[in-house]
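**Q** Just so we're aligned: the sequence shown equals residues -25 to -1, 1 to 369 in mature numbering (1 follows the signal peptide of the UniProt record, and there is no 0).
No lab work stands behind these hints, which were simulated from the structure alone.
Each hint should be verified, as a subset may be incorrect.
Label pairs and their computed distance ranges (CB to CB) [stated by the list, open to error]:
(1) 269 with 71: 45 to 55 angstroms
(2) 310 with 278: 41 to 51 angstroms
(3) 78 with 194: 31 to 41 angstroms
(4) 113 with 310: 42 to 52 angstroms
(5) 114 with 269: 55 to 65 angstroms
(6) 112 with 190: 45 to 55 angstroms
(7) 87 with 168: 20 to 30 angstroms
(8) 274 with 194: 53 to 63 angstroms
(9) 319 with 104: 39 to 49 angstroms
(10) 320 with 218: 13 to 23 angstroms
(11) 304 with 219: 19 to 29 angstroms
In the SDA-like style, the derived pairs of lysine to any residue whose C-alpha atoms are separated by at most 20 angstroms in a straight line are [stated by the list, open to error]:
(12) 156 with 86
(13) 361 with 43
(14) 365 with 341
(15) 125 with 113
(16) 361 with 86
(17) 332 with 310
(18) 125 with 163
(19) 365 with 339
(20) 125 with 54
(21) 361 with 329
(22) 125 with 86
Quick reminder that beta carbons are idealized off the backbone N, C-alpha and C, glycines included.
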Amino acid sequence: MKLTMTITLLFFLTIFNFPFNHGVATTFARTSKPHVLVPSSIGGLLQQRGIRAAYWPSFTGYPASSIDTSYFSHIYYAFVLPSPTTYALDITSDDVEKLLGFANATSAWNPRAKTILSIGGGGGGALPGIFSQMASQVYSRANFINSTIKVARDYNFDGVDLDWEFPSNESDMSNLGLLFKEWREALEYEANITKQARLLLTSAVYYASNVSFDGGPRSYPIQAISQYVDWISPMCFDYHGSWENFTGLHSALYDPYTTLSTDFGIGSWIQAGVPPEKIVMGLPLYGPTWSLENPENNTVGAPTTGTGPGSGLLVYSQVVDFNKENNATIVFDNTRISYYSYAGDSWVSFDDIGSIKHKVRYARTRALGGYFFWALGQDLDWAISKTASKAWLT
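The task is simple: from the sequences and hints, build the whole structure.
**A** In structure tokens:
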């Protein structure tokens, strides 16, 4: 109890900028109130409109002011990063400029979408190890939690999002559960004291509830996710890519031969115990490309020699241009519910209006909480975004 009281005090010294030793700040407010699976405010939203979200990559130059929020309920700001030494968010001068610009843009959005600060991202490097170290100790978790709340409040975000790609072992997964618990308790305590709406807590996760590469099988902390996180966002894409020497559909809804499919991934989360309404399904606005070994052998699984157009990746607007400019053959795979196209020795996997409509209706049929896109700035005249929103709402 003494430890809890000390931790709580240090939390508020952090939030309200009282001087203290930054190396020992920590937080997790203990509460006697039971956590509900879906808070009433979130549950009401899910029942009425659902989550129609997209990530805005702050590093691409696509202006936040150009986002048509009529197609989205939530916009993620991607990304900010933690310090490798203190584990507090490392907000650089460049970050400040982008965060201020984003905040200014959101004030002009009509309708107003909720905004979520996303921490982390893909790309590998040192980031997974930094997350692992941060999550392993109570004080480093607290420094991280404190800073996420402060930055989110400073720039008028409605929530925080963790994109850890990916916890590398069972110890990481266990610590992730502790992080979610302490984070949620801190968010509730801060909201109660400041009389503001609680910040949302979300997390981008692997497409399935078990991760089986780079270190062996390990399972996400399902109980902690169900109890403390508002929703998770399985990344239902990148099942295949130009790192392989054969073609594949990188966001197949179904696959009769492997477990690399959205249906398998979503099913694994539900079977593990995550309520469907707390699952927000990922959809890509890009696709991988390959160079075919033999242009006459151009089906799914055909041998390849390396990357194709765009150095192995095209965003949706570029896919449309590629297909038109090269008079490409476009194929809808009715089994996997995804598209591919080929022209000469170039082969592209992608989603289009037809497959997106199928996938969003699938999400509705499975009573999921919604869907999200990676990423804004990759659509063409909002064609995919509009299709998804209409399929969800009607």
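**Q** Each hint: holds or not?
**A** These are the hints, each one checked on the structure:
no.	hint	result
1	269 with 71: 45 to 55 angstroms	holds (52 angstroms)
2	310 with 278: 41 to 51 angstroms	violated (21 angstroms)
3	78 with 194: 31 to 41 angstroms	holds (37 angstroms)
4	113 with 310: 42 to 52 angstroms	holds (49 angstroms)
5	114 with 269: 55 to 65 angstroms	holds (58 angstroms)
6	112 with 190: 45 to 55 angstroms	violated (21 angstroms)
7	87 with 168: 20 to 30 angstroms	holds (25 angstroms)
8	274 with 194: 53 to 63 angstroms	violated (35 angstroms)
9	319 with 104: 39 to 49 angstroms	holds (42 angstroms)
10	320 with 218: 13 to 23 angstroms	holds (18 angstroms)
11	304 with 219: 19 to 29 angstroms	holds (21 angstroms)
12	156 with 86	violated (33 angstroms)
13	361 with 43	holds (10 angstroms)
14	365 with 341	holds (17 angstroms)
15	125 with 113	holds (18 angstroms)
16	361 with 86	holds (15 angstroms)
17	332 with 310	holds (15 angstroms)
18	125 with 163	holds (14 angstroms)
19	365 with 339	holds (12 angstroms)
20	125 with 54	holds (16 angstroms)
21	361 with 329	holds (12 angstroms)
22	125 with 86	violated (26 angstroms)
Hint check: violations occur at hints 2, 6, 8, 12, 22; the rest are consistent with the structure.
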